[in-house]
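Fit chains B, C, D, E, F, G and H with the ligands to the known structure of chain A by using the hints.
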Amino acid sequence: MPKGRIIVDVDKCKGCGLCLDACPLHLLELANDTVNKKGYQPMRIHTPEKCIGCANCAMMCPDVVITVEKL
Amino acid sequence: MPKGRIIVDVDKCKGCGLCLDACPLHLLELANDTVNKKGYQPMRIHTPEKCIGCANCAMMCPDVVITVEKL
Amino acid sequence: MAKVMMKGNEAMALAAIKGGCKAFFGYPITPQSELPEYLARHMHKHGGVFLQAESEVAAINMVYGASGAGARVLTSSSSPGIALKQEGISYIAGAELPAVIINVMRGGPGLGGIQPSQADYKQVTRGGGNGDYYVLAYAPENLQETVNVIKEAFDLADLYRNPVMIAVDGLIGQMMEPVDLDVEVPKRDLPEKDWATIGTYGKREPVNVNSLFLDPQDLENHSFKLAEKYKLMKKNEQRYEFVNMENAELVIVAYGTMARIVRSALEILKNEGINVGLLRPISIWPFPEKAFKEFPDTVKGILTCELSTGQMLDDVKICNNGKLPINFFGRTGGMVPEPEEIVKAVKDMIGGLK
Amino acid sequence: MAKVMMKGNEAMALAAIKGGCKAFFGYPITPQSELPEYLARHMHKHGGVFLQAESEVAAINMVYGASGAGARVLTSSSSPGIALKQEGISYIAGAELPAVIINVMRGGPGLGGIQPSQADYKQVTRGGGNGDYYVLAYAPENLQETVNVIKEAFDLADLYRNPVMIAVDGLIGQMMEPVDLDVEVPKRDLPEKDWATIGTYGKREPVNVNSLFLDPQDLENHSFKLAEKYKLMKKNEQRYEFVNMENAELVIVAYGTMARIVRSALEILKNEGINVGLLRPISIWPFPEKAFKEFPDTVKGILTCELSTGQMLDDVKICNNGKLPINFFGRTGGMVPEPEEIVKAVKDMIGGLK
Amino acid sequence: MGNVVFKRSNGLSKKEFSYCPGCTHGIIHRLVAEVIEELGVLDKTIGISPVGCSVMNYEFFNCDMQQAAHGRAPAVATGIKRVRPDNIVFSYQGDGDLASIGTAEIVHAAHRSENITVIFVNNAIYGMTGGQMAPTTLIGQKTTTSPYGRDEKHAGKPIKMSEMLATIPGATYIERVSVHDPLHVRKAKKAVKKAFQTQIEGKGFSLVEFISSCPVNWGKTPQDALNWVKDNMIPYYPLGNFRSPEEDDKND
Amino acid sequence: MGNVVFKRSNGLSKKEFSYCPGCTHGIIHRLVAEVIEELGVLDKTIGISPVGCSVMNYEFFNCDMQQAAHGRAPAVATGIKRVRPDNIVFSYQGDGDLASIGTAEIVHAAHRSENITVIFVNNAIYGMTGGQMAPTTLIGQKTTTSPYGRDEKHAGKPIKMSEMLATIPGATYIERVSVHDPLHVRKAKKAVKKAFQTQIEGKGFSLVEFISSCPVNWGKTPQDALNWVKDNMIPYYPLGNFRSPEEDDKND
Amino acid sequence: MINEQIICAGFGGQGVMLMGQLLAYSANDNDLNTLWYPSYGPETRGGTANCSVTISEAKVNSPVISKADTIFIMNGPSLDKFESKVKSGGKILINSSLVERNIERDDIKAYFIPVNEMAVKLGNGKVANMIMIGAYLQITKIFDKETILKILKKSFGEAKAHLIDINDKAIEAGMNYIKEHYE
Amino acid sequence: MINEQIICAGFGGQGVMLMGQLLAYSANDNDLNTLWYPSYGPETRGGTANCSVTISEAKVNSPVISKADTIFIMNGPSLDKFESKVKSGGKILINSSLVERNIERDDIKAYFIPVNEMAVKLGNGKVANMIMIGAYLQITKIFDKETILKILKKSFGEAKAHLIDINDKAIEAGMNYIKEHYE
Ligand SMILES: Cc1ncc(C[n+]2csc(CCOP(=O)(O)OP(=O)(O)O)c2C)c(N)n1
Ligand SMILES: Cc1ncc(C[n+]2csc(CCOP(=O)(O)OP(=O)(O)O)c2C)c(N)n1
Ligand code: SF4
Ligand code: SF4
Ligand code: SF4
Ligand code: SF4
Ligand code: SF4
Ligand code: SF4
Ligand SMILES: [Mg+2]
Ligand SMILES: [Mg+2]
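In order, the protein sequences belong to chains A, B, C, D, E, F, G and H. Residue numbers for the first sequence follow my numbering, so the first one is -8 and each next one is one higher. Residue numbers for the second sequence follow my numbering, so the first one is -8 and each next one is one higher. Residue numbers for the third sequence follow my numbering, so the first one is 158 and each next one is one higher. Residue numbers for the fourth sequence follow my numbering, so the first one is 158 and each next one is one higher. Residue numbers for the fifth sequence follow my numbering, so the first one is 313 and each next one is one higher. Residue numbers for the sixth sequence follow my numbering, so the first one is 313 and each next one is one higher. Residue numbers for the seventh sequence follow my numbering, so the first one is 13 and each next one is one higher. Residue numbers for the eighth sequence follow my numbering, so the first one is 13 and each next one is one higher.
What the hints contain is simulated information worked out from the structure, not anything from laboratory work. From a predicted model like this one, the values you see are computed outputs, not experimental measurements. Among the hints, erroneous ones may be present.
Said to hold, decoys possible - The calculated lysine to any residue pairs, modelled on SDA-like cross-linking and capped at a C-alpha distance of 25 angstroms, are:
no., chain 1, residue 1, chain 2, residue 2
1, B, Lys28, F, Glu371
2, G, Lys71, G, Asp156
3, F, Lys327, B, Met(-8)
4, H, Lys93, H, Ala70
5, G, Lys166, C, Gln301
6, C, Lys382, D, Glu498
7, F, Lys506, F, Glu346
8, G, Lys153, G, Lys165
9, F, Lys502, F, Glu558
10, A, Lys28, E, Glu371
11, D, Lys160, H, Ala70
12, F, Lys327, D, Ile483
13, C, Lys391, D, Ile483
14, F, Lys465, E, Lys454
15, C, Lys388, D, Gln374
16, F, Lys327, B, Pro(-7)
17, F, Lys532, G, Lys172
18, H, Lys133, H, Ala70
19, B, Lys28, F, Met368
20, G, Lys181, G, Gly25
21, C, Lys450, D, Leu316
22, C, Lys457, C, Ile431
23, A, Lys41, E, Val316
24, H, Lys191, H, Ile14
25, G, Lys165, G, Phe94
26, E, Lys454, H, Gly25
27, H, Lys103, H, Glu16
28, G, Lys133, B, Gln32
29, C, Lys202, E, Asp398
30, F, Lys469, E, Glu558
31, F, Lys326, D, Asp372
32, G, Lys138, B, Asn23
33, C, Lys388, C, Ile431
34, G, Lys93, D, Gln374
35, D, Lys179, E, Glu475
The following block holds chain A by itself, in its conformation from the complex (with noise of 0.2 angstroms):
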């Protein structure tokens, strides 16, 4: 069972990146597959069972695209 939950406004994303190195258990990505509406490449979560919801990336996130959760 994850501790916790990201949602990702992923049409909002600009695939920066920052997100990524804040995650204290790196189960952030870049989506080398798909492009959002704006053309960038989307943060998503490859282990999103893992995630403890602390909120690391949605502090380093400039867009403030990612609302997190505690389960």
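Only chains B, C, D, E, F, G and H with the ligands this time, still in chain A's reference frame:
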């Protein structure tokens, strides 16, 4: 015998009196009986023979009208 | 109320308070410093704010902020200080904020001198700042008129959401004459300042005060909207006085202190049987072009008189539009002519016309 | 030398170096920043100084200092930055110092926008600063002309001991077109700068650079002396081009990029059998009033075209002096018209005249 | 459904930021917005947008805003605060805006101890105009107007605004923070909160200097830019508190 | 005939000063002129007059001079020095000029470490314009724009420019002096000499702040004004050195 | 019809500005039109100061006085500067305590009043200007002494109320001097 | 007579400014008149970018292109923005790797070239713009490949000389694509 002598460019003196307090021997005064060309009561030395030529008066004269000699 | 004797600069300050001015930001400069000094003594008694800014640039931007927050606000300065305010004035005009600016003009260019002058006419009426904008500009000739127009200026600024400049020469700032501070001036119906940044307090959406339009189409639309406003000002706010126009063979155009001197000259001329009229612009922007259509047929020429090397001359030429010959008489740099000099300029011109 | 392709801003920078510019002081602003950037890379190779100032105000006062010390000096900016320089420009004019100022104009008022505009015409030609002064002002239409006039500007500034402003719109700054940097430009016989503060070195009495004249009579004398100089500039430095004037039924007055668009419009009109001429002011101060006396009799009206809501219009009115009807066409805020819009404005005017 | 532990603050409008990918202006906006909201003053706050990349942040903050001329935000803030002393007023300024053209205005706002809060975003460059040298540009740093790297002989050493402003008696609260990792972001938020609290308590001038990044004009990826902040900016611009109201209280 | 131990320096012109009786601007002029002459650089010195009571000092110094716009003397000095690096360049500025309208220019001249010398005359008032409050006016001091005495709540505490400028890395030499008695006058001259020497040696920005008097606008006799300097100004504006080239040499 | 143009000139500290202002205030009090205009600027610092006053039943137009009806001369340099500015047939009131020479014109009427000495004799050197005013009142009868005193009282306020008496005496002295020497 | 008006439009990083500049440089090299003008301002940050180029035997007047002879479309939003700006009878060259839809007009000639995919195949995703240029050269014959390469060489300098080869190949690929699909 005085050790020093001051020469005052009387007509350029503005009678501000700053030299008076500067003289360690209190030798200076403002003329209370005459005005100079500018309309000021100019400085004069009342006891020239006591002058030691220390130039303290000249140090303080904002209008640089005092010349000092050591004798 | 009876007339009181007041120094021009102080009367202007008091007039501003009576005009509802609630904030003043300015920086000292001769020959207007008695104006901020008066406000430093009195503003707080009227619930207003007086603040000496670190510079004219800061002052005009404080005006921007306070006006954007809904306050009736004044700044004053003199020629080089006004030059420094130009960017800020352009911003105020661009963001459509009301503000009253008093310019007690002295001689230039550069540091120039501190004696009376009208050599800021172009700086005032043509906008020294960037872009398509104008400020409403008044150039009264005596303290009573100055006081009245300052009181009105706050309404006008609010009405048009535009800077209003009062441009007097140093003489008007420095002299004393009797003045009644309580003469009623026309009041305008003013819209609410729903654009002012005073906090939403949960009652409305946020507003912003702004002159930036990155999309050129937006900026053009904004500029054309401003242009319409300026047209309206031109239509409604031209202000001028005619003196002795009946049967005048010559019209002198002059404003401010120069107009007063001309008045004396007209009397001398009258005594000599020479009939000369005076068109006295009170608003210098909009310039009173309407007046030029009202000249009697007797008029054979125009003499423009200024305390400058000839700046209003452009406006006279534009309004005259080739109809009448135009001469110029000017003193500048702080020199103020005696009426006799104007009498001579008139006679020279009449001689030339014959 | 063959023509090279250069961006307008960079070509202007190189032209300044070729014109003998030895010092640049400026502050970044769009759309002219490539100009200082180019000089940052290259100035030192030519023994010159490049310094980014802390503000436009500081920059223009550095220009004052460096010019007063005898150097050929340049600053550049864009509209709101030019507004901030007005006090300094007035000082430079008042102290009779040479200086070259490039204004790459953008939309206003206030922060406005960053797209091309000619809405600084009044700021440039009427002096946004205080006092009776003018700056020589050129408004070239393409890079070759811009480069040539910049090279000449340093001579002109030295000759008249007066600021020279090059006013181009953002389009000229941003575009690339072929340009020959080595076209010979007229050289002037220049007096020695014996007024420059470079130290006495025991060879002469101290000199000072100054715009202060506390005695109003001195200041008036100084102002009248300046006025004589401006008269001389008016006589000698009017610059303009006529295009297709023979048998023209209408004359368009336009400068800078607008003139180029008008050229395209004239071709379209010609193909339709409509004969329209162009008067293209190259100097905007002095405005080419002489040109108005050279219109052929076929001309029935004037259409003024500007990238503003109508600023040069004043000068056209003054020079026209009531002779011909005048219409105006303008786009502003960064909007640049297509030739077809001008064709339409011409047809509308011709229709109205009939 | 879980507990939302982080969501977009109501202090921000719905509008997307116009910043380049990975530009930390966005993080700073968020912190300011959250603090204003959390302190319950959003509805009486008036913000001031500078000229710089953040020029359009009047569209991003969910409160009344004024756009100020380049460098003049502290004067505009002064104008507002003096006529609306009960409102909360903050300015948001870049290093070109605050440390170069606006030097006089920031010094004198501090000098008068204007009861305002200044958010100072130091990214060692002029972002908006395309990467020119700022007074805060590091020695050796290449910019479009220091193409050979900033040279101390020519342009001086980078200016430390927080240290300088802290000498001014009226500067009540001055702190320098960074947002290069989550830990520092959390610390930075505390400083912003303290700054606004200083204002709310009427104690005078408060300023938080953010060391920020400009990946585009630094020519770095967003993450490399943050590493550069850590490895190069912070050693020159030490983080920490330079003035606090407590200290002043003690002196009283 | 005796030995002349003091006479008017050739660094001064023959022209009489235009200052009010007892105004210490005159003493400061003399010191600057003497130093320039004694260092043998009079013939290559270019001075800059401010806007303030000393606006006309281009007539008093016996060297080339430029009159600068109010507050902009450091920018003018920069322009001169950059194109004439071998000349000696100094500016002479009042507290309104330097500490108010010209704040940005003085901070950035120091920041770039312009190799110039600044003579800063702090008389806690705007002398020329008739006695308005300056940023350096003391708390409680009555001026025409602080008619009830300067109020800290309204106008902040007086600004200490030397202290502030000393935090700027490029400020090589900063010292505050006074001329209220002969002893201090002599000390002040040493500081002026050191400032010019700093420039001559190419070490960068130097500034000497003079605590000066304005008997007329302070409403005091010249001597009382000096007593007020001693009893009120100096306690708030401590004399002494704030930065020196030696210190920097050590740090190198 | 009253139409008086007056210039007051002297050293900075002699109270010439106040002299002009008093006359202007008095004019306003008597419902006359009036305009007072100071010289300003650096020449007032230490150097000479002057102001001009127009008092008129008609509206005051030009603030500039080409030729004055009356000029007060409080010191020597002022005489040099202003003697030529007196209208032909006009008056010049001269402080003979400080002015050594006679006037050069014969088309104007000069009054020499040793106001400094008289003031010292009254016990307050500062009221020299009020003696001059007194002389003027006696010569022109333009205002009565009470008008002037009323204005002085108002401008002095409580704090300086005790000074009214000496000023009253000074005006009186000036009036008497004219009576004795010129009537 | 040559009189080509061209607009290049795409994302910021796609090298559309360079495309325009190359054409303008080539024109100058061939002694033609030319003018290149970029869109500038914040929309170039992250968003779309475009520039216009005029190439003409006659003097270039208006820098503004009302209707272009040729428009390069490097991404979807650019097609939406610029389709209507092609002259009737003009050409539109579309990057079909990123543009999904067909054009809506039938009075212009469209060329669809999958330049991104082709570039990746060539081993360097960045040369997509040069493929586009190659296609244009093949269609218009306005300049030869060598002109373009000469200019590239000059602008690359020593440091980037090794990139000439891949660019050469890219232009070639563009030319071939037109030959194969549109000739
Ligand atoms: C008076 C004036 N000068 C210059 C400019 C141009 N300009 C716009 S933003 C800017 C500097 C931006 O740098 P900074 O303040 O550091 O903000 P950043 O973009 O880095 O966040 C400049 C010089 C302007 N708009 N107005
Ligand atoms: C742009 C501008 N603003 C204001 C003034 C008016 N002004 C002249 S001197 C001065 C201040 C003088 O004070 P300070 O610098 O302290 O010199 P001081 O006279 O006391 O020696 C001011 C505000 C001016 N000349 N120019
Ligand atoms: S909430 Fe924490 S664990 Fe979950 S993705 Fe974000 S940073 Fe990683
Ligand atoms: S930090 Fe935000 S914008 Fe950047 S990649 Fe992650 S989610 Fe996207
Ligand atoms: S030289 Fe010394 S002793 Fe002589 S008068 Fe001057 S201060 Fe007095
Ligand atoms: S200090 Fe100088 S000016 Fe003052 S009284 Fe003495 S001699 Fe005269
Ligand atoms: S240019 Fe730099 S500071 Fe501006 S938005 Fe882009 S990354 Fe941020
Ligand atoms: S006003 Fe003050 S500072 Fe100016 S000269 Fe007089 S005493 Fe000196
Ligand atoms: Mg920055
Ligand atoms: Mg001072």
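The hints, checked one at a time:
1. B:Lys28 <-> F:Glu371: Roughly 21 angstroms between the alpha carbons, so the hint for Lys28 (chain B) and Glu371 (chain F) holds.
2. G:Lys71 <-> G:Asp156: 22 angstroms, holds
3. F:Lys327 <-> B:Met(-8): 35 angstroms, violated
4. H:Lys93 <-> H:Ala70: The hint is violated at about 29 angstroms.
5. G:Lys166 <-> C:Gln301: Distance of about 23 angstroms is within 25 angstroms: holds.
6. C:Lys382 <-> D:Glu498: Distance ~20 angstroms between Lys382 (chain C) and Glu498 (chain D) Cα, so the pair holds.
7. F:Lys506 <-> F:Glu346: 13 angstroms, holds
8. G:Lys153 <-> G:Lys165: 21 angstroms, holds
9. F:Lys502 <-> F:Glu558: Holds - the C-alpha atoms of Glu558 (chain F) and Lys502 (chain F) are around 16 angstroms apart, at most 25 angstroms.
10. A:Lys28 <-> E:Glu371: Answer holds: Lys28 (chain A) to Glu371 (chain E) is near 21 angstroms, not above 25 angstroms.
11. D:Lys160 <-> H:Ala70: It holds: about 16 angstroms lies between the C-alpha atoms, which stays within 25 angstroms.
12. F:Lys327 <-> D:Ile483: 59 angstroms, violated
13. C:Lys391 <-> D:Ile483: Given pair Lys391 (chain C), Ile483 (chain D) holds - Cα atoms ~19 angstroms apart, limit 25 angstroms.
14. F:Lys465 <-> E:Lys454: Distance ~44 angstroms between Lys465 (chain F) and Lys454 (chain E) Cα, so the pair is violated.
15. C:Lys388 <-> D:Gln374: 40 angstroms, violated
16. F:Lys327 <-> B:Pro(-7): Distance ~32 angstroms between Lys327 (chain F) and Pro(-7) (chain B) Cα, so the pair is violated.
17. F:Lys532 <-> G:Lys172: At roughly 20 angstroms apart (the allowed maximum being 25 angstroms), Lys172 (chain G) and Lys532 (chain F) satisfy the hint.
18. H:Lys133 <-> H:Ala70: Violated - the C-alpha atoms of Ala70 (chain H) and Lys133 (chain H) are around 40 angstroms apart, more than 25 angstroms.
19. B:Lys28 <-> F:Met368: 22 angstroms, holds
20. G:Lys181 <-> G:Gly25: Status holds; Cα separation ~21 angstroms.
21. C:Lys450 <-> D:Leu316: Violated, at about 44 angstroms.
22. C:Lys457 <-> C:Ile431: Answer holds: Lys457 (chain C) to Ile431 (chain C) is near 13 angstroms, not above 25 angstroms.
23. A:Lys41 <-> E:Val316: Answer holds: Lys41 (chain A) to Val316 (chain E) is near 17 angstroms, not above 25 angstroms.
24. H:Lys191 <-> H:Ile14: 22 angstroms, holds
25. G:Lys165 <-> G:Phe94: 31 angstroms, violated
26. E:Lys454 <-> H:Gly25: 21 angstroms, holds
27. H:Lys103 <-> H:Glu16: The hint holds at about 11 angstroms.
28. G:Lys133 <-> B:Gln32: 21 angstroms, holds
29. C:Lys202 <-> E:Asp398: 20 angstroms, holds
30. F:Lys469 <-> E:Glu558: 18 angstroms, holds
31. F:Lys326 <-> D:Asp372: With Cα atoms ~20 angstroms apart, Lys326 (chain F) and Asp372 (chain D) stay inside 25 angstroms; holds.
32. G:Lys138 <-> B:Asn23: Since the Cα atoms of Lys138 (chain G) and Asn23 (chain B) sit roughly 17 angstroms apart, the hinted pair holds (cutoff 25 angstroms).
33. C:Lys388 <-> C:Ile431: 38 angstroms, violated
34. G:Lys93 <-> D:Gln374: Since the Cα atoms of Lys93 (chain G) and Gln374 (chain D) sit roughly 15 angstroms apart, the hinted pair holds (cutoff 25 angstroms).
35. D:Lys179 <-> E:Glu475: 36 angstroms, violated
Violated hints for the displayed structure, listed by number in ascending order: 3, 4, 12, 14, 15, 16, 18, 21, 25, 33, 35.
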